[in-house]
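Asks: These are the residues of each chain, in order.
Number of protein chains: 2
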Amino acid sequence: MVTIESSIKVRLVKIGELAKLTGCSVQSIRHYEKEKLLATLRRSDGNFRLYDSATVDQLKFIKHCRSLDLSLAEIRQLIALNQQPGMGCEDVNRMVDSHIEQVALRINELQDLQDKLMALRNSCASQSTVKECGILQTLSVTQK
Amino acid sequence: MVTIESSIKVRLVKIGELAKLTGCSVQSIRHYEKEKLLATLRRSDGNFRLYDSATVDQLKFIKHCRSLDLSLAEIRQLIALNQQPGMGCEDVNRMVDSHIEQVALRINELQDLQDKLMALRNSCASQSTVKECGILQTLSVTQK
DNA sequence: CTAAACTCTATGGTAACTATAGAGTCAAGC
DNA sequence: GCTTGACTCTATAGTTACCATAGAGTTTAG
Ligand SMILES: [Zn+2]
Ligand SMILES: [Zn+2]
Ligand SMILES: [Zn+2]
Ligand SMILES: [Zn+2]
Numbered sequence: 001m002v003t004i005e006s007s008i009k010v011r012l013v014k015i016g017e018l019a020k021l022t023g024c025s026v027q028s029i030r031h032y033e034k035e036k037l038l039a040t041l042r043r044s045d046g047n048f049r050l051y052d053s054a055t056v057d058q059l060k061f062i063k064h065c066r067s068l069d070l071s072l073a074e075i076r077q078l079i080a081l082n083q084q085p086g087m088g089c090e091d092v093n094r095m096v097d098s099h100i101e102q103v104a105l106r107i108n109e110l111q112d113l114q115d116k117l118m119a120l121r122n123s124c125a126s127q128s129t130v131k132e133c134g135i136l137q138t139l140s141v142t143q144k
Numbered sequence: 001m002v003t004i005e006s007s008i009k010v011r012l013v014k015i016g017e018l019a020k021l022t023g024c025s026v027q028s029i030r031h032y033e034k035e036k037l038l039a040t041l042r043r044s045d046g047n048f049r050l051y052d053s054a055t056v057d058q059l060k061f062i063k064h065c066r067s068l069d070l071s072l073a074e075i076r077q078l079i080a081l082n083q084q085p086g087m088g089c090e091d092v093n094r095m096v097d098s099h100i101e102q103v104a105l106r107i108n109e110l111q112d113l114q115d116k117l118m119a120l121r122n123s124c125a126s127q128s129t130v131k132e133c134g135i136l137q138t139l140s141v142t143q144k
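Heads up: the sequence lines are chains A and B, in that order.
41 is the number that my numbering gives to position 41 of the first sequence; each next residue is one higher, with no gaps.
144 is the number that my numbering gives to position 144 of the second sequence; each next residue is one higher, with no gaps.
Calculated from the structure, these hints are not laboratory results.
The structure presented is a predicted model; accordingly, all values stated were derived computationally and were not measured.
No false leads were mixed into what you were given.
Once the Cα atoms are required to be at most 25 Å apart in a straight line, the calculated SDA-like pairs of lysine to any residue come out as: (1) B/116 to A/113; (2) A/116 to B/60; (3) B/36 to A/142; (4) B/63 to A/132; (5) A/63 to B/109; (6) A/63 to B/121; (7) B/63 to A/105; (8) A/131 to B/39; (9) B/116 to A/107; (10) B/116 to A/23; (11) A/60 to A/84; (12) B/60 to A/132; (13) B/63 to A/141; (14) B/116 to A/105; (15) A/116 to B/81; (16) A/63 to B/110; (17) B/116 to A/56; (18) B/63 to A/112; (19) A/131 to B/97; (20) A/116 to B/73; (21) B/131 to A/83; (22) A/131 to B/68; (23) B/116 to A/95; (24) A/131 to B/86; (25) B/131 to A/90; (26) B/60 to B/21; (27) B/131 to A/74; (28) B/63 to A/113; (29) B/116 to A/88; (30) A/131 to B/81; (31) B/116 to A/77; (32) B/34 to A/142; (33) A/116 to B/68; (34) A/131 to B/58.
Counterexamples of contact, computed for chain A against chain B with all Cβ distances above 10 Å: (35) 15; (36) 20; (37) 34; (38) 45; (39) 52.
Ideal Cβ placement from N, Cα and C applies to all residues, glycine included.
Starting from the given sequences, assemble the full structure and let the hints guide the process.
Replies: Okay, here's the thing in structure tokens:
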């Protein structure tokens with residue numbers, strides 16, 4: 001923790017404390033900075049990154065978005081949109097809708113995969129040898 | 001297509017035809033070779049890779065495994081096992097079981113994610129401004 | 001004989017980080 | 001003042017299974 005002189009005293013934290021406050025790793029934070037999702041406003045004399053409480057909130061926002069599997073590019077867009085308070089939010093809705101669709105597609109793909117894997121698993125009589133293993137035989141046959 | 005003299009005549013194909021025969025890309029094939037999943041038995045005088053029909057089958061096996069989302073490392077294991085015909089196939093079963101489990105886990109994760117995304121989507125009254133967008137507000141609030 | 005089509009190796013890129021290495025900074029205790 | 005440990009810095013390599021490209025050489029059909 002560092003306090004600096006200015007018209008108002010501000011509590012600044014170093015990257016390790018920011019990581020603890022948000023549950024992000026130190027490397028992620030530096031990564032987000034490189035990707036322009038998070039700015040480092042200030043550096044200490046020894047070149048350490050210093051953050052204020054607004055940055056803590058921004059990073060929590062990013063983390064929340066990541067927990068929903070939004071990409072860094074999408075989060076960057078949301079941040080930019082957030083800075084245009086007067087605009088309509090259709091782009092936000094579209095992004096979420098498209099995300100929901102992607103996830104639904106992926107779930108279907110995985111469900112198909114699951115069915116195939118179960119069928120494959122059933123092709124082996126449990127106590128078998130490699131030579132007679134139904135799984136390996138099935139895998140050797142060209143599908144469809 | 002190339003035919004060579006030997007005790008038996010063998011039909012050999014170059015990488016482009018192997019790709020067509022199996023539906024794999026040329027780069028994938030070279031990648032599998034680098035990863036030791038597929039050997040190139042022969043080269044032409046001009047250093048082109050030449051493959052026989054056994055290799056076509058091996059590549060089809062690999063492709064079948066990949067369509068089930070087995071990793072290259074796992075496929076490498078299966079190939080090694082295949083060369084021990086007398087051994088029991090428990091390892092094969094274990095691999096498939098563990099795969100099924102992973103996929104089930106991932107499906108559950110995605111289902112949770114889907115629920116969260118739907119809830120998020122519902123927090124926006126469609127014709128809103130960025131400033132009042134329920135989605136952006138929700139994302140700004142620390143979760144849990 | 002030449003041009004198109006093919007192949008070769010090597011390299012860089014993808015996504016969102018994690019994990020090092022090697023060097024510098026800072027805080028506390030003696 | 002000095003040392004020690006904890007922290008931070010930048011830069012780089014690795015993860016996965018490829019795809020894309022560059023620049024060069026090979027093959028084949030006309
Ligand atoms: Zn998305
Ligand atoms: Zn079996
Ligand atoms: Zn697996
Ligand atoms: Zn909205």
